[in-house]
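Can you join these two chains into the complex? Each is in its own frame, and there are hints to help.
Below, each chain spelled out in residue letters.
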Amino acid sequence: MPSHPRAADLPALLATLCDSGVEFIIVGGVAAVLQGVPITTTDLDIVHRRTSENVARLLEVLHKLDATTRYDMARRGLRPTAEMLAGRGQINLSTSLGPIDPLCELDPGQGYEELLPHSVSVRDEGRLLHVLDLPTLIAAKTRAGRPKDRIVLPILIATLQERDRGKP
Amino acid sequence: MVRWRMVARATDASPSEAPTIEALIEAVDPEVRAAIDDVDRTLIALALQQSPWDRLRSASRMAQTLARIRDAIASQGG
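Those sequence lines, one after another, are chains A and B.
According to our numbering, the first sequence is numbered sequentially starting from 1.
According to our numbering, the second sequence is numbered sequentially starting from 1.
Isolated chain B, as found in the complex (with noise of 0.2 Å):
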């Protein structure tokens, strides 16, 4: 069962045209424009398989085990 959906725009209004992704990789610079092809999919594609509420809980998840980490690191001097 599809439990969540996204919905194309928040308002009827019409936005002024939204950028191309062609339009978007010409607007950064050429060191990010080279990481772009870096990047790894897979993880991606794994996001992308998730529902929202879902990708937030594991992203708020790692955040919080990392501050722990950072913390526990830091109370012991290094």
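For reference, chain A alone in the conformation it holds in the complex (with noise of 0.2 Å):
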């Protein structure tokens, strides 16, 4: 099984993604960094649309990445398939371009579908970008509670703080 870099190349991830038609939401720590939010990550967290173009789009990108499921550890190298992509879960994978998380759904019923009101679309170098808003990200946060969450919330939401005082 090839190895894959352990810290993705975010600009190239997202890169391939919108140059290959999927629609998804940028979520978790990359829609914090895009936003402003001075951290690091080495993961991708997108919601995906679930339509079977998009599952099907979506699922040819990550097979030429050779998207492999992450914690394995029988290390079966096990491939992505519709059927994942189009439930509820969250999927850890690793690629070429480092780990990618697609997730159905960010919390039960919180699709794209659902999300997408709750977005901010980025524009940037020629391409769009659909990103989770900060309020809708920090609240998904605190709700999840995690160590890995309690973290960074102060950081959102001082990011926030200083974006609203930024404003006119």
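Hints are computed from structural coordinates only; laboratory data are not their basis.
For each residue, glycine too, the CB sits at the ideal point set by N, CA and C.
Any given hint could be a false lead.
Unchecked claim - Covered stretches of chain B (in silico footprint by chain A; criterion: 3 or more residues with CB under 8 Å from a CB of chain A, positions within the stretch not fixed): (1) 23-29; (2) 34-48; (3) 55-65.
What the hints assert, rightly or not - Quick list of the computed label-pair ranges, beta carbon to beta carbon: (4) B:D40 - A:L128: 27 to 35 Å; (5) A:D107 - B:D29: 16 to 24 Å; (6) A:R75 - B:Q76: 22 to 30 Å; (7) A:A74 - B:Q49: 41 to 49 Å; (8) B:P19 - A:D101: 21 to 29 Å; (9) B:A34 - A:D107: 23 to 31 Å; (10) B:P30 - A:A74: 41 to 49 Å; (11) A:S3 - B:Q76: 13 to 21 Å; (12) B:I36 - A:H63: 38 to 46 Å.
This is the structure:
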């Protein structure tokens, strides 16, 4: 099984997904970084649209990137399937461009369509990205309450305060 | 020249009311709330001056460097 990088090449991963026409919302650490939160993150978390066409597009990209499941102790190199991507869970994948976690839903009932009104559009270098907005990201991380979420919450909230302060 | 822009909302759909900063702060536990004042705001100001893709490139490079350092330490039995 080929060795994949442990930290994602985030710009390359996002460019590949965008240029392949995959519809998705960026959530997690990358959503925070894109909105000015000074943190680092090793993986890309996305909530993808679960139409059969979009699942097929995402699956094609993942296969091109040699995606296999990340937390498989038996190291069987399991490949993602359309059924997995069309379900309700989250998949932790390793790819040739680093880790990516496609989430069918952020929380139960919080899929692409439900989250889109809570996203901002970032247009940069010719690409349009949908990014979960900071208040929704903060609320999701507060609900999750894991140590890794609690660590970044003060920085997320401070960034929201600073951004708000800078508004005319 | 401004190379990027952030649009207020991705769709015209009317989302449920976005929580205010005060409500978000109220929802976190006291330990997290106390840590908000300790955050270095100069780093945030610097990040906010960059374009989204520049922020992403910086964060990605930093994470890749940290991963390489971690691997090097592990390979030395550290």
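Here is how each hint holds up against the structure:
no., hint, verdict
1, 23-29, "holds (count 5)"
2, 34-48, "holds (count 11)"
3, 55-65, "holds (count 8)"
4, B:D40 - A:L128: 27 to 35 Å, "32 Å, holds"
5, A:D107 - B:D29: 16 to 24 Å, "19 Å, holds"
6, A:R75 - B:Q76: 22 to 30 Å, "24 Å, holds"
7, A:A74 - B:Q49: 41 to 49 Å, "47 Å, holds"
8, B:P19 - A:D101: 21 to 29 Å, "25 Å, holds"
9, B:A34 - A:D107: 23 to 31 Å, "27 Å, holds"
10, B:P30 - A:A74: 41 to 49 Å, "43 Å, holds"
11, A:S3 - B:Q76: 13 to 21 Å, "19 Å, holds"
12, B:I36 - A:H63: 38 to 46 Å, "43 Å, holds"
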